[in-house]
Amino acid sequence: MGFDLQELQQAVAAHGRVSRVVIAALRGSSPREVGAAMLLWDSGQSGTIGGGALEYEAAAAARRQAETPVVSTHALGPDLGQCCGGAVTLLCETFTAADLAPLQGEIFARPVSATADLLEPLALRRLLARARSQGQRPATQLIEGWMVEPMHQPQTDLWIWGAGHVGRALVDVLSPLPDLAITWVDTAPERFPENTPADLRKLPAADPVLLLRHAPEKAQHLILTYSHELDLALCNGLLSQGFSFAGLIGSATKWARFRSRLAALGHSPIEINRITCPIGDPALGKHPQMIAVGVAADLLARDAMKDANKERRA
118 MGFDLQELQQ AVAAHGRVSR VVIAALRGSS PREVGAAMLL WDSGQSGTIG
168 GGALEYEAAA AARRQAETPV VSTHALGPDL GQCCGGAVTL LCETFTAADL
218 APLQGEIFAR PVSATADLLE PLALRRLLAR ARSQGQRPAT QLIEGWMVEP
268 MHQPQTDLWI WGAGHVGRAL VDVLSPLPDL AITWVDTAPE RFPENTPADL
318 RKLPAADPVL LLRHAPEKAQ HLILTYSHEL DLALCNGLLS QGFSFAGLIG
368 SATKWARFRS RLAALGHSPI EINRITCPIG DPALGKHPQM IAVGVAADLL
418 ARDAMKDANK ERRA
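For the sequence shown, the numbering used here puts the final residue at 431, and the numbers step up evenly by one.
Any given hint could be a false lead.
As the list claims (entries may be wrong) - Okay, derived cross-link-like pairs now, DSS-like style, lysine-lysine, Cα gap no bigger than 25 Å in a straight line: (1) 335 - 423; (2) 319 - 335; (3) 403 - 371.
It should be emphasised that the hints constitute simulated quantities derived from the structure, not laboratory data.
Hey, can you work out the whole structure from these sequences and the hints?
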């Protein structure tokens, strides 16, 4: 998550003046986390800060709002018809193309309170210095009247090999997730559907295996082509280079045969066991969307575990 400049630029290009409402801080329970944001224009909206009365009132206020920025705090209690029991601080800002033109860099920090010092407070300067020296993205937060948001950058490279029914279902389920940079590969342009998400990269290649060397070493891979031989070649190629996760669609019988053939190609049992087969949750069923939901849940669980481990080490 973070300040999604590309999404905001697209909204401004399509609708002109656009308001952005973001959860800047919270206390107690809330439907969404700090950094969750929605964009609003006269006739529409994208994104959500949790729905319900809070979102309805925040959207109405943003459309009425003449000044910018505005910081407001809302108790999530009976007055809003919500029982979360917490309180959220919202930041509403209005943007035009001229406002977005100068934005650059990896962190967007700006004063948003009328009482904020126009000079960066010491706590903010220390935060930015740590971010530069340690190469870590700071969390979205309010610091002494300044809003700090990392610029949105997908944190996970995901390569999907195959544009058949399961590949399409996976793209439908996974492409809205903000932290995935998806590359979609198949053997010909006509293998892909006509309409795909704008920020997804499609790569048609007569020999997809040749594209493996372009995948980042820590990328995740989902292999589900129309050809078992191509699936095997991709598995073999991945085991010869780096990857953080590789999943293969298939049955127990297919995987047993693949294990034998990969061993014959010189890969050890430990290496072969790095590939997950089958992908998803077999208990959910074999319908493409069922497979996609299971795979998405597994990927999200893996990422959550990584984040938890990082926090424990920090």
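Structure-based check of each hint:
Between residue 335 and residue 423 the CA atoms are separated by roughly 13 Å; this keeps the pair inside 25 Å, and the hint holds. For a cut-off of 25 Å, the pair hint linking residue 319 to residue 335 stands: about 19 Å separates their Cα positions. As the CA atoms of residue 403 and residue 371 are separated by approximately 15 Å, the hinted pair is consistent with the 25 Å bound.
Violated hints for the displayed structure: none, as all numbered hints are satisfied.
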